[in-house]
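S.K.: The chain contents come next:
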Amino acid sequence: MTTWHDYLKKEGQPPSWPYPIRFEEEQEVETDVLVIGGGIAGCWAAISASRTGVKVVLLEKGDTVRSGAGGPGCDHWCNVPANPHSRVDPDEWAEHMADVPYSCGIGLQIQCREDWDTLLEMEQMGGKIRDIDDEYVGAEGRYDDTKLMISPRYGVKHNLWPEPGAGEPGFNPPEERSNVVIRIWGSTFKPALKKECKRLGVKIMDRVAGTSLLTENGVQGERVVGATGLNSRTGEFVIVKSKATIIATGGAGDLWLMNTELCGMSSMHPRTWTGEGLVMAFKAGAEITNLEMSMPIGIATGLKHKWYSGAGDASYENVPIVDANGKRLPYPIQGWEDAGAMIPAPDVQAKIAEDVKKGVYELPFYGDWPSMSDVERRATWNLMLGEESTTKIIIDTFNRSGFDEKRDLQQSYKFIEGAGLPQWRNGGGNFMMDWDLKTNLDGLYVAGTQLVGGQDHSYCAATGRYAGRKAAAYVKEVAQGKVFRDQIRKEKERIYAPARRDSGIEWKEFHAGIARINQYYNSEFKTETLFKMGLGALERMEMEFVPQLYALDPHKLLRTIEDLTMLEHSKMIMQASLVRKASRMGFTRIDYPDMDPPEWNKFLVVKLINDKFTTRLQEQRFWGNMKEEYEKRNADYEGVYKGD
Amino acid sequence: MSQQKLMAIPNVVTPNQPVLFNPEICNGCNHCVEVCQIDVYIPNPEKGKPPIILHPDECWYCGCCANDCPRPGAIIFNWPLQSRGYWKNKETGKIGQV
Numbered sequence: 001m002t003t004w005h006d007y008l009k010k011e012g013q014p015p016s017w018p019y020p021i022r023f024e025e026e027q028e029v030e031t032d033v034l035v036i037g038g039g040i041a042g043c044w045a046a047i048s049a050s051r052t053g054v055k056v057v058l059l060e061k062g063d064t065v066r067s068g069a070g071g072p073g074c075d076h077w078c079n080v081p082a083n084p085h086s087r088v089d090p091d092e093w094a095e096h097m098a099d100v101p102y103s104c105g106i107g108l109q110i111q112c113r114e115d116w117d118t119l120l121e122m123e124q125m126g127g128k129i130r131d132i133d134d135e136y137v138g139a140e141g142r143y144d145d146t147k148l149m150i151s152p153r154y155g156v157k158h159n160l161w162p163e164p165g166a167g168e169p170g171f172n173p174p175e176e177r178s179n180v181v182i183r184i185w186g187s188t189f190k191p192a193l194k195k196e197c198k199r200l201g202v203k204i205m206d207r208v209a210g211t212s213l214l215t216e217n218g219v220q221g222e223r224v225v226g227a228t229g230l231n232s233r234t235g236e237f238v239i240v241k242s243k244a245t246i247i248a249t250g251g252a253g254d255l256w257l258m259n260t261e262l263c264g265m266s267s268m269h270p271r272t273w274t275g276e277g278l279v280m281a282f283k284a285g286a287e288i289t290n291l292e293m294s295m296p297i298g299i300a301t302g303l304k305h306k307w308y309s310g311a312g313d314a315s316y317e318n319v320p321i322v323d324a325n326g327k328r329l330p331y332p333i334q335g336w337e338d339a340g341a342m343i344p345a346p347d348v349q350a351k352i353a354e355d356v357k358k359g360v361y362e363l364p365f366y367g368d369w370p371s372m373s374d375v376e377r378r379a380t381w382n383l384m385l386g387e388e389s390t391t392k393i394i395i396d397t398f399n400r401s402g403f404d405e406k407r408d409l410q411q412s413y414k415f416i417e418g419a420g421l422p423q424w425r426n427g428g429g430n431f432m433m434d435w436d437l438k439t440n441l442d443g444l445y446v447a448g449t450q451l452v453g454g455q456d457h458s459y460c461a462a463t464g465r466y467a468g469r470k471a472a473a474y475v476k477e478v479a480q481g482k483v484f485r486d487q488i489r490k491e492k493e494r495i496y497a498p499a500r501r502d503s504g505i506e507w508k509e510f511h512a513g514i515a516r517i518n519q520y521y522n523s524e525f526k527t528e529t530l531f532k533m534g535l536g537a538l539e540r541m542e543m544e545f546v547p548q549l550y551a552l553d554p555h556k557l558l559r560t561i562e563d564l565t566m567l568e569h570s571k572m573i574m575q576a577s578l579v580r581k582a583s584r585m586g587f588t589r590i591d592y593p594d595m596d597p598p599e600w601n602k603f604l605v606v607k608l609i610n611d612k613f614t615t616r617l618q619e620q621r622f623w624g625n626m627k628e629e630y631e632k633r634n635a636d637y638e639g640v641y642k643g644d
Numbered sequence: 001m002s003q004q005k006l007m008a009i010p011n012v013v014t015p016n017q018p019v020l021f022n023p024e025i026c027n028g029c030n031h032c033v034e035v036c037q038i039d040v041y042i043p044n045p046e047k048g049k050p051p052i053i054l055h056p057d058e059c060w061y062c063g064c065c066a067n068d069c070p071r072p073g074a075i076i077f078n079w080p081l082q083s084r085g086y087w088k089n090k091e092t093g094k095i096g097q098v
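Same order as they appear, the protein sequences are chains A and B. Using this note's numbering, the letters of the first sequence map in sequence onto residues 1 to 644. Using this note's numbering, the letters of the second sequence map in sequence onto residues 1 to 98.
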């Protein structure tokens, strides 16, 4: 008896809500630094702030032990050019990584300078970063002296597509590789981070989602002096007064995804990625950019096959792809022979599709695990997939079902599942910030994936650690701000309105309704007319259906509040889209097809002033000289933590 | 069957049951309830029994409940039918599936 209806049949009634109900009751907490979001960035921010001796409170929607996109694990520590085996200069590598449009040199410089130190601190806390048990002796990229395992990713070239000559002898010689990506045992990380938070005395408030920021005197654009939260088990209202606040929430994973069932959200992001951090900061007056950018989801919509959260391809590091007859395909293998190239070049992809129709290759395709050497196979199956986030349970299930990677070919779903729909998109915007990872609002810092140019696990770790340090330095200089009671009263009105109704529209239908608007009016086909219709449709949702939202328990109340965030977020995106009268990467307008004309080749930055939507344009590379700017502000950086 | 009293209940949500509990092994410690970032589960009102799957439709298949279960075998992942991967024996060509 483990399902709800089993229980109902046996007991004749549904189970009672298992947690105390505390709707509208208040819990008030005061701290120096508040961190909102207890994923990788949030835990690191809490730890580094706490290590300087300041008081820290951490709000987390789930349980910090495994929450966030990096909660289950992580297999690659990317961009770690300061590691002892690296052949590149950290500053030069950071410049190289930042040399793409709409990137962010600030976060990348921090990552390239500090994520080796961050990884060593992870090891201090009990995270496994080396092959200390000698399981992979002889694997390519393993260094016997340090037992670190370098990944083939970013080999001699740093390209998604294979370079000419890939696969030929001498293409990616070991002595010339960049050695900037390290394979790690990331499933050990999150529990260790939570343990360290507890050891340091961080007040962790699990199951509490941040809902709004409090500003000095309740004025938009003034200093952030705290935040409110909602406990998704009890419905309790949490008020945190803080000298500084760090937003470390994830992005928004489902603005365009209508189906909340079947494969969960599975947009390669946790279900908890619902955009609160960005939207609450925007409402407080923070500057946001890149809102108009969105891309079709290439892999990992839960609506497709879920291998690697939905990718249709068994091509993982060094696994050759073959057709149904065992013929090798000209796919890159993310491996040593092609220097870690990840996807076939477009012309190669098109040629394969053509050849499939001509019968040159027969479907389905397979990952040819048996053809690999034993140690390389184990390094990919057990280490890479065993440690990467959601793939551990996948390989476990395969093996339990009888799959033997030494004997069996693993099916790929390339072509046979069809391409993802262009209306299934990822996007949602980023924070603008300065070299302290501070936003335009006093007291508000940001870390992790929602930064401009936000990237991977180690980026979140390094920027979280950095933001924690900077916020801690700030709080030592300032007094506690004044929370404005009327702002709290209004937020409580907003939060609890759906809990006072017991019929109308429920969160799942509301979610689907917004996603549909985004699919119709802001996806592949972008025009002024469509954006305006979309904005009108969203406004109708707000006027007509928000007053009908109902939530039967605290869990559903949080989902409902997330939907309200989704509605605000979608409006922000539609408004920003209307403003940019040109096309750019991730934003192709039919009525303004010119790609990045000089006057528009800039970040579009938006913010609210007196609740009015305002915009400005910001030059690309606004961060200046990366090395100089970083060094100017971090002369006191002490490197790896030396203990209390 | 014909004499059984039936309750009128709505359709069961999809996926029906993202995990299977083995009540012989599970001792109701509720570690999975705490680890799950979504609150897919609630504790069973009867102490010592496996949790109740309350929100299967919100599971994102991270696997942490099964990965971190202190009693191996108490939770078996149960992939929805549309997400069960295939393989082929390289020698015999025999097809397998999760």
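Treat the hints with care, since some could be wrong.
[Claimed, not checked] Lysine-lysine pairs mimicking BS3-like chemistry, simulated, CA-CA at most 27 Å apart:
1. A:K358 with B:K5
2. B:K94 with A:K327
3. B:K88 with A:K406
4. A:K203 with A:K632
5. B:K47 with A:K357
6. B:K47 with A:K358
7. B:K47 with A:K10
8. B:K5 with A:K10
9. A:K351 with B:K90
10. B:K94 with A:K9
11. B:K88 with A:K556
12. A:K327 with B:K88
13. A:K351 with B:K88
14. B:K90 with A:K9
15. A:K327 with B:K90
16. B:K47 with A:K556
17. B:K88 with A:K358
18. B:K5 with A:K357
19. B:K88 with A:K9
20. A:K283 with A:K438
21. A:K406 with B:K49
22. A:K406 with B:K94
23. A:K556 with A:K438
24. B:K49 with A:K10
These are computed hints drawn from the structure, not numbers from a lab. From a predicted model like this one, the values you see are computed outputs, not experimental measurements.
S.K.: Evaluate each hint against the coordinates.
M.R.: Outcome of the hint check:
This hinted pair does not check out: K358 (chain A) and K5 (chain B) have alpha carbons roughly 59 Å apart, beyond 27 Å. Between K94 (chain B) and K327 (chain A), the direct Cα distance comes to roughly 18 Å. Compliance with the 27 Å bound is thereby established for this hinted pair. A C-alpha spacing of about 12 Å is found between K88 (chain B) and K406 (chain A), which places the hinted pair at or below 27 Å, so the restraint holds. Taking the CA atoms of K203 (chain A) and K632 (chain A), the gap is near 33 Å; set against the 27 Å cutoff, the hint is violated.
For the proposed pair K47 (chain B) and K357 (chain A), the alpha carbon gap of about 59 Å is over 27 Å, so the pair is violated. The hinted pair formed by K47 (chain B) and K358 (chain A) fails the criterion: a straight-line CA distance of about 62 Å is larger than 27 Å. With a C-alpha separation of about 16 Å, the suggested pairing of K47 (chain B) with K10 (chain A) holds against the 27 Å cut-off. Taking the CA atoms of K5 (chain B) and K10 (chain A), the gap is near 12 Å; set against the 27 Å cutoff, the hint holds.
For a cut-off of 27 Å, the pair hint linking K351 (chain A) to K90 (chain B) stands: about 26 Å separates their Cα positions. Pair hint K94 (chain B) plus K9 (chain A) does not hold up; C-alpha atoms about 41 Å apart against a cutoff of 27 Å. Distance hint between K88 (chain B) and K556 (chain A) is unfulfilled; the C-alpha atoms sit about 43 Å from each other, more than 27 Å. For the hint linking K327 (chain A) to K88 (chain B), the alpha-carbon distance of about 15 Å falls within 27 Å, and the restraint holds.
This hinted pair checks out: K351 (chain A) and K88 (chain B) have alpha carbons roughly 25 Å apart, not beyond 27 Å. This hinted pair does not check out: K90 (chain B) and K9 (chain A) have alpha carbons roughly 47 Å apart, beyond 27 Å. Simply put, K327 (chain A) and K90 (chain B) have alpha-carbon atoms about 12 Å apart, close enough for the 27 Å limit, and the pair holds. In summary, the hint linking K47 (chain B) to K556 (chain A) is supported, as the alpha carbons are separated by about 25 Å, within the 27 Å threshold.
Taking the CA atoms of K88 (chain B) and K358 (chain A), the gap is near 24 Å; set against the 27 Å cutoff, the hint holds. Taking the CA atoms of K5 (chain B) and K357 (chain A), the gap is near 56 Å; set against the 27 Å cutoff, the hint is violated. Distance restraint check for K88 (chain B) and K9 (chain A): the Cα-Cα separation of roughly 41 Å exceeds the 27 Å cut-off, and the hinted pair is therefore not satisfied. Of the supplied pair hints, the one linking K283 (chain A) and K438 (chain A) holds, its CA atoms being roughly 17 Å apart against a limit of 27 Å.
Proximity of K406 (chain A) to K49 (chain B) is assessed by CA-CA distance (about 39 Å); at most 27 Å being required, the pair is judged violated. For the hint linking K406 (chain A) to K94 (chain B), the alpha-carbon distance of about 15 Å falls within 27 Å, and the restraint holds. A threshold of 27 Å between alpha carbons decides the hint, and for K556 (chain A) with K438 (chain A) the separation of about 33 Å lies outside it, so the pair is violated. Among the hinted pairs, K49 (chain B) with K10 (chain A) is consistent with the structure: their alpha-carbon atoms are about 14 Å apart, no more than 27 Å.
Of the hints listed earlier, those the structure fails to meet are numbers 1, 4, 5, 6, 10, 11, 14, 18, 19, 21 and 23, in rising order.
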